[in-house]
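Each chain is listed here by its residues.
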Amino acid sequence: MADPRERNGENERKPGSTDDADLSARLKSLDARISQASTHRAEPEPRSRQTSDSSALGQAFRFSAEFVAGVVAGGVIGWFVDYFAGTSPWGLIVCLILGFGAGMLNLLRAAGMVKPAKYDEKR
Amino acid sequence: MASPIEQFQIKPIIPAINFTNSSLFMVGAVALIVGGFMLATRKRALVPGRGQSTAEILHDFVAGTLTDAAGKEGMRFFPLVFSLFMFVFTANMLGMIPGFFTVTSHIIVTFALAILVIGTVVAYGLVKHGTHFFGLFVPSGVPSWLLPFIVVIEVISFLSRPVSLSLRLFANMLAGHIALKVFGGFVVALLGAGGALTILAPLPLIMAVALMALEFLVAALQAYVFTVLTCIYLNDALHPGH
Numbered sequence: 001m002a003d004p005r006e007r008n009g010e011n012e013r014k015p016g017s018t019d020d021a022d023l024s025a026r027l028k029s030l031d032a033r034i035s036q037a038s039t040h041r042a043e044p045e046p047r048s049r050q051t052s053d054s055s056a057l058g059q060a061f062r063f064s065a066e067f068v069a070g071v072v073a074g075g076v077i078g079w080f081v082d083y084f085a086g087t088s089p090w091g092l093i094v095c096l097i098l099g100f101g102a103g104m105l106n107l108l109r110a111a112g113m114v115k116p117a118k119y120d121e122k123r
Numbered sequence: 001m002a003s004p005i006e007q008f009q010i011k012p013i014i015p016a017i018n019f020t021n022s023s024l025f026m027v028g029a030v031a032l033i034v035g036g037f038m039l040a041t042r043k044r045a046l047v048p049g050r051g052q053s054t055a056e057i058l059h060d061f062v063a064g065t066l067t068d069a070a071g072k073e074g075m076r077f078f079p080l081v082f083s084l085f086m087f088v089f090t091a092n093m094l095g096m097i098p099g100f101f102t103v104t105s106h107i108i109v110t111f112a113l114a115i116l117v118i119g120t121v122v123a124y125g126l127v128k129h130g131t132h133f134f135g136l137f138v139p140s141g142v143p144s145w146l147l148p149f150i151v152v153i154e155v156i157s158f159l160s161r162p163v164s165l166s167l168r169l170f171a172n173m174l175a176g177h178i179a180l181k182v183f184g185g186f187v188v189a190l191l192g193a194g195g196a197l198t199i200l201a202p203l204p205l206i207m208a209v210a211l212m213a214l215e216f217l218v219a220a221l222q223a224y225v226f227t228v229l230t231c232i233y234l235n236d237a238l239h240p241g242h
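Protein sequence lines correspond, in order, to chains A and B. Here the first sequence is numbered in my numbering, starting from 1 and rising by one per residue. Here the second sequence is numbered in my numbering, starting from 1 and rising by one per residue.
Misleading hints may appear alongside valid ones.
Within a straight-line C-alpha distance of at most 35 Å, the following computed DSBU-like cross-link-like pairs (lysine-lysine) qualify [said to hold, decoys possible]:
(1) Lys-43/B / Lys-72/B
(2) Lys-11/B / Lys-181/B
(3) Lys-128/B / Lys-72/B
(4) Lys-28/A / Lys-72/B
(5) Lys-43/B / Lys-28/A
Residues on chain B that point at chain A, a partial pick, calculated with CB under 7 Å [as the list claims (entries may be wrong)]:
(6) Ile-156
(7) Ser-157
(8) Leu-167
(9) Ala-171
(10) Leu-174
(11) Ile-178
(12) Met-212
By construction, these hints were calculated from the structure, which means they are not laboratory data. Glycine included, every Cβ here is placed at the ideal spot set by N, Cα and C.
With the hints as extra help, turn the sequences into a complete structure.
Written out as structure tokens, the structure is:
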């Protein structure tokens, strides 16, 4: 930091205007630095979802959950279809197979082997 | 010796209103969060003290996660996301105290939270975008004869999200607590076996200590993962068909 006394001595003749200009210049540079710092802080992490994959155990849990969820969701839907439409057991069979497909899709998407769903594409 | 899954048993405390140990710990978690935040933000100092600083860091952390995933408009869901994060995090951490009940190790609890999230996504998406919201399920560039199958599979895939969201949190908490209990049981069993086996007893104890550290990591990480996925799903409700 510059020594303030030295600068004061330098600007002795016209104190008012230069002090104001100096102050506003310093404020401006401070503003710029603050906004730079805040944009730096707001910089989004490229893919925050990767955090859960940091360990192999987490990955195993994630993939198994994705796959099982697809099959379970298919089974539940099939059961409801049968329950309300009285088509037992065809709704359960068809929806379980479709659920298996959905589970595979979830799994491949989680592994990044298939293009992500429309609803996962970023803005 | 106690079985490893005995810790998950639901015991009624006040049977007349079905108040169980699970309810007690849910109420305890909520009371801890509300009380803690009221205590931390009581002074509202310009220069925060330790408590207020912690509260502000938690706020900024969740707000940052939400705006990263769902943009500025996502902040209207901030009360929901912050409540979810704090509840899951506090419940997980309370569960790490020996002898305490882990609320999130029951799938019905995590499933209810996940249904709340997906319900919000669907309801808000339908109100905001109407039928345009269903455009989520129609991928582009698919042959027309394949489209019916793809749409059905996409719908099931979408409906499987609350299941996978709840399953992940539940499975992690359940597996971790069972593993801890099993290794704890080994220590007792080896000590009781007598002779040369007694000398081996510290080995599973070391393992249990290591697992305890891992479980703290998992408890915090799963609360974070739950929050991040909630934010990503809320992003669908805000910006479908992009």
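Verification of the supplied hints:
| no. | hint | result |
| --- | --- | --- |
| 1 | Lys-43/B / Lys-72/B | holds (29 Å) |
| 2 | Lys-11/B / Lys-181/B | holds (19 Å) |
| 3 | Lys-128/B / Lys-72/B | holds (16 Å) |
| 4 | Lys-28/A / Lys-72/B | holds (26 Å) |
| 5 | Lys-43/B / Lys-28/A | holds (33 Å) |
| 6 | Ile-156 | holds (4 Å) |
| 7 | Ser-157 | holds (4 Å) |
| 8 | Leu-167 | holds (4 Å) |
| 9 | Ala-171 | holds (6 Å) |
| 10 | Leu-174 | violated (11 Å) |
| 11 | Ile-178 | violated (14 Å) |
| 12 | Met-212 | violated (15 Å) |
Checked against the numbered hints listed earlier, the structure breaks hints 10, 11, 12; every other hint is satisfied.
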